[in-house]
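Participant: Protein chains in written order, with this note's numbering: chain A, 1 to 186; chain B, 1001 to 1649.
Calculated directly from the structure, the hints in this document are not laboratory data.
One should not assume that every hint holds.
To be verified - Here are the simulated BS3-like pairs of lysine-lysine, each with C-alpha atoms no more than 27 Å apart in a straight line:
1. A:Lys124 <-> B:Lys1106
2. A:Lys80 <-> B:Lys1133
3. B:Lys1051 <-> B:Lys1594
4. A:Lys175 <-> B:Lys1133
5. B:Lys1158 <-> A:Lys124
6. B:Lys1106 <-> B:Lys1073
7. A:Lys156 <-> B:Lys1133
8. A:Lys124 <-> A:Lys45
9. B:Lys1634 <-> B:Lys1271
10. B:Lys1398 <-> B:Lys1634
11. A:Lys72 <-> B:Lys1106
12. B:Lys1056 <-> B:Lys1116
13. A:Lys45 <-> A:Lys35
14. B:Lys1116 <-> B:Lys1106
15. A:Lys96 <-> A:Lys45
16. A:Lys175 <-> B:Lys1106
17. B:Lys1133 <-> A:Lys45
18. A:Lys75 <-> A:Lys175
19. A:Lys75 <-> A:Lys45
20. B:Lys1056 <-> B:Lys1133
21. B:Lys1210 <-> B:Lys1116
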Amino acid sequence: MQTKGVICLLGLLLFLVPAHAATGGDFSLTDQHGKPFQLQQLRGKVVLLFFGYTSCPDVCPTELAGISRVLKLLKADAAKVQGVFVSVDPGRDSPKVLAEYVRYFDESLIGLTGSPSEIETVAKQYQVSYSKHPNPGGGYAMDHTANLYVIDPNGKLFAIVPYGFPPEHVVDVVKEILTNPAGKDL
Amino acid sequence: MSFLPVTFLMFLLSAVTLPSEAADSPVAPGYGPLEYALSEVGSYQLPALGKAGDGKVLDTTGRVRRLYDLFGKQYVLLAFIYSSCSDVNGCPLTSHVFYSIKAQMKHDPELARHLKLISLSFDPEVDTPEVMKLYANNFRYAGRAGEWQFVTTESEEKLRPILRDYHQEVQRQLTDDGKYSGAYSHVLRVFLIDPQKQIRNIYSVAFLHKDLLLNDVRTLLQQNRAAEMALAGQGRQKQSAVFSGPGDDKHGYEQLAYQTHSLALDSRRGKAADLMAYVVKPPLGLPKVPVPADNPVKEKKVQLGRKLFFDRRLSLNNTISCAMCHIPEQGFSSNELAMAVGIEGRTVRRNSPTIYNAAYAKLLFHDGREDTLEQQIWGPLLAASEMGNPSVGYVLNKIRHIAEYDGRFEAAFNGRHVSMETLGMALASYERTLVSGASAFDVWYYGNDPAALSAAAQRGFRIFTGKGNCVACHLINERYALFMDNGLHNTGIGYRESMGIRPEKERIFVAPGVSIDVDRSVIDQVGAAPPKDLGRYEITQNPHDRWKYKTPGLRNIALTAPYMHNGSLSTLQEVVDFYDQGGVPNEGLDPLIKPLHLSAQEKQDLVAFLQSLTGDNVDQLVADAFAAPVGDLKKGDPDWVRGTEVEVR
Chain A
1 MQTKGVICLL
11 GLLLFLVPAH
21 AATGGDFSLT
31 DQHGKPFQLQ
41 QLRGKVVLLF
51 FGYTSCPDVC
61 PTELAGISRV
71 LKLLKADAAK
81 VQGVFVSVDP
91 GRDSPKVLAE
101 YVRYFDESLI
111 GLTGSPSEIE
121 TVAKQYQVSY
131 SKHPNPGGGY
141 AMDHTANLYV
151 IDPNGKLFAI
161 VPYGFPPEHV
171 VDVVKEILTN
181 PAGKDL
Chain B
1001 MSFLPVTFLM
1011 FLLSAVTLPS
1021 EAADSPVAPG
1031 YGPLEYALSE
1041 VGSYQLPALG
1051 KAGDGKVLDT
1061 TGRVRRLYDL
1071 FGKQYVLLAF
1081 IYSSCSDVNG
1091 CPLTSHVFYS
1101 IKAQMKHDPE
1111 LARHLKLISL
1121 SFDPEVDTPE
1131 VMKLYANNFR
1141 YAGRAGEWQF
1151 VTTESEEKLR
1161 PILRDYHQEV
1171 QRQLTDDGKY
1181 SGAYSHVLRV
1191 FLIDPQKQIR
1201 NIYSVAFLHK
1211 DLLLNDVRTL
1221 LQQNRAAEMA
1231 LAGQGRQKQS
1241 AVFSGPGDDK
1251 HGYEQLAYQT
1261 HSLALDSRRG
1271 KAADLMAYVV
1281 KPPLGLPKVP
1291 VPADNPVKEK
1301 KVQLGRKLFF
1311 DRRLSLNNTI
1321 SCAMCHIPEQ
1331 GFSSNELAMA
1341 VGIEGRTVRR
1351 NSPTIYNAAY
1361 AKLLFHDGRE
1371 DTLEQQIWGP
1381 LLAASEMGNP
1391 SVGYVLNKIR
1401 HIAEYDGRFE
1411 AAFNGRHVSM
1421 ETLGMALASY
1431 ERTLVSGASA
1441 FDVWYYGNDP
1451 AALSAAAQRG
1461 FRIFTGKGNC
1471 VACHLINERY
1481 ALFMDNGLHN
1491 TGIGYRESMG
1501 IRPEKERIFV
1511 APGVSIDVDR
1521 SVIDQVGAAP
1531 PKDLGRYEIT
1541 QNPHDRWKYK
1551 TPGLRNIALT
1561 APYMHNGSLS
1571 TLQEVVDFYD
1581 QGGVPNEGLD
1591 PLIKPLHLSA
1601 QEKQDLVAFL
1611 QSLTGDNVDQ
1621 LVADAFAAPV
1631 GDLKKGDPDW
1641 VRGTEVEVR
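Chain A on its own, in the form it takes in the complex:
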């Protein structure tokens, strides 16, 4: 019986080997103070990663407000969590614009931007899609994936939280990581 179980497990593991590079991973960009940023800097912390742009009318403010709410709900544990906002609109989102924007939501938030190709690389890693759409009255809006990416303290992508989930839910996910730092699969 026991051997059978092990063989089954091995079979399962073979299935689990991904056919392509895993979603997520480290990256380098520029933060809202104009300083270079690497995701590795945040090892030891749970990262809440979100892609958006500062001219975003609805999704991004909602999501960032959500992150800010998560940090409040976490109380003392908030120190072990870092919210990160990556702009998919580097054309408009300079570090200065980002700095203005993110502090509306939470002083601790990191805003990131970079060259269009740098952004594209990171977006690809996280399988985030985005595209530009001109507005009828001038200017443009960005369509973008609105998931929240939860990265564990080892830099491994732990969960993708779809847009619209309550902050209480994100708190649960974060607490799960903090109490189970080995990053055991669920």
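For chain A, the structure is supplied; the task is to place chain B on it using the hints.
Facilitator: Just chain B now, kept in the frame of chain A:
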């Protein structure tokens, strides 16, 4: 949730800081509280919209699974999504709504047991099982109760047939320079699928709201429970009773799971019953059988009447017997016709009433124009649209010349020959034996057995005698219950028919679980105009009697659908609904009929009570009918044409 006010604030903020960008699509209703009141659970129908597609998918461990296997025996909400979706009112909306439903399952074990959520990606390239797993990691936080599966497919090729089956048009969005942007354009659809794999509803953005979805699921669950109970009840009856159900029992026909319990006539070999015993000692809950002084019930009369009842030669063209409209296994009525059909397909304008307990009726026919069974039998014998005989003498002459009846009348009636009187007496004697009682209700109420009646039926009885006041016309007393008042009342059914008030559409079932709502105008093109019917007025010519019809007894009512004088109500549920709404208002509406304001539960209980009125000897009476000889035209009969090549059958 405190999240919402914050969101709202941010909306204001963004509107203030970014005035040029404010024009964007508003968020879907699914994100907020529902802004309209939903219909009561169970108060509406969700007809099947077609078969849900099957196909091979990958679960989060990468294993190949059949969609149907994932569906299992549960109700399923299936959403097509892709994880990098950027439209807030698209895939994230479904996740949001599913998440709320999943959270609800924590507090609703029945929902958790019966409903399964499945998100299927239509972007197999990006949404590998690994990515779907990252998604799925979230959902244990919404409580362990209930299941939410995340599945994808191996390749676009494997996905395509599934998308086709669900009519999901998915197109890759291209950037201005013609490259794939990573986004898809698709029309959001969520499918509600029942355990028979039938699609019961499809939700688009505007309708994708937790409350609406749950209302629909609960409606299906409730209706399925009711159907299962009905089928189970039937099953129980079937074990002891092979005969009492109709040949082709349409009960549950609106469910896809419907299977006919039809028994071939040849396989129904009945057993004669001691019919006299029922007259001598009526079943529990029934009074002494009233018998006219000049026609005491005697075995020979009963047997003669029984033979006549099943004799097709009693009709003008030798095709229709009494038993063909008062069909024994259809409650001695006709379950399949709202209004009866006579010889050559002629339409009778009223519903065949049951013969069960006709012995107790002081008024016969729906308009109460006769008062003895002996006289009543001549009505159908002579009606042009029923058995079609031209005269009394014609019928008597024919019987005189059928050899099988030689000496039968003389033996039964002390030497008297067949006559207008003796024919009526014989048929009446048989009909008088068809008394049926000792139902679950009788054993409970008159037999004082508290366990005999289900809790629902007991509650229903309290409504029957209390809030519903059905008992005002369907009388019961301390010793027996006939559920009739020998009176006539205007409920508005006749008025509605005369005034031509009819629904715009009528639901036509074309196969089990498959119905079409057909426009009235289409039906009218092919149907005959409904016959005029003024009820009791036709007998008395008194304007106050317009649209008054006899109060029928309620015993064995579960066996005698459809209901009302014109068979216009198909189920007991519909009958209860009809009285609950207070009938159809009209000048002559009986003052006893008014809106009852019963809850869905109370109505269900009332139906349960009505279903408890089925007598315990139904099976014996129907079996006895199957043992009776069927009279058919044969050589030597007056109508037999010598040399006829085609046997008249």
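Participant: Hints first: check each against the structure and report whether it holds.
Facilitator: Tested hints:
1. Distance restraint check for Lys124 of chain A and Lys1106 of chain B: the Cα-Cα separation of roughly 37 Å exceeds the 27 Å cut-off, and the hinted pair is therefore not satisfied.
2. With a C-alpha separation of about 24 Å, the suggested pair Lys80 of chain A and Lys1133 of chain B falls inside the 27 Å cut-off, and the hint holds.
3. Restraint check for Lys1051 of chain B and Lys1594 of chain B: the C-alpha separation of about 43 Å exceeds 27 Å, so the hint is violated.
4. For the hint pairing Lys175 of chain A with Lys1133 of chain B, the CA-to-CA distance comes to about 19 Å; that is within 27 Å, so the pair holds.
5. Distance check on the hinted pair: Lys1158 of chain B and Lys124 of chain A sit about 24 Å apart at the alpha-carbon level, within 27 Å; holds.
6. Under the criterion of a C-alpha separation no larger than 27 Å, the hint pairing Lys1106 of chain B with Lys1073 of chain B is consistent with the structure, at around 20 Å.
7. For the given pair, Lys156 of chain A sits about 14 Å from Lys1133 of chain B by alpha-carbon distance, which is consistent with the 27 Å threshold.
8. At most 27 Å may separate the alpha-carbon atoms for a hinted pair to count; Lys124 of chain A and Lys45 of chain A meet this at roughly 23 Å.
9. Restraint check for Lys1634 of chain B and Lys1271 of chain B: the C-alpha separation of about 25 Å stays at or below 27 Å, so the hint holds.
10. Proximity of Lys1398 of chain B to Lys1634 of chain B is assessed by CA-CA distance (about 13 Å); at most 27 Å being required, the pair is judged to hold.
11. At roughly 26 Å between alpha-carbon atoms, Lys72 of chain A and Lys1106 of chain B fall within 27 Å of each other, so this suggested pair holds.
12. This hinted pair checks out: Lys1056 of chain B and Lys1116 of chain B have alpha carbons roughly 18 Å apart, not beyond 27 Å.
13. Between Lys45 of chain A and Lys35 of chain A, the direct Cα distance comes to roughly 20 Å. Compliance with the 27 Å bound is thereby established for this hinted pair.
14. Restraint check for Lys1116 of chain B and Lys1106 of chain B: satisfied, since their Cα atoms lie roughly 13 Å apart, inside the 27 Å limit.
15. A hinted pair counts as satisfied when its Cα atoms are at most 27 Å apart, and Lys96 of chain A with Lys45 of chain A qualifies at roughly 25 Å.
16. Of the pairs offered as hints, the one joining Lys175 of chain A and Lys1106 of chain B holds, with about 20 Å between alpha carbons and a cut-off of 27 Å not exceeded.
17. With a C-alpha separation of about 22 Å, the suggested pairing of Lys1133 of chain B with Lys45 of chain A holds against the 27 Å cut-off.
18. As the CA atoms of Lys75 of chain A and Lys175 of chain A are separated by approximately 12 Å, the hinted pair is consistent with the 27 Å bound.
19. For the hint linking Lys75 of chain A to Lys45 of chain A, the alpha-carbon distance of about 15 Å falls within 27 Å, and the restraint holds.
20. Taken as a hint, the Lys1056 of chain B and Lys1133 of chain B pair is honoured in the structure, with Cα atoms around 18 Å apart against an allowance of 27 Å.
21. As the CA atoms of Lys1210 of chain B and Lys1116 of chain B are separated by approximately 14 Å, the hinted pair is consistent with the 27 Å bound.
Taken one by one, the earlier hints fail for this structure at numbers 1 and 3, listed in ascending order.
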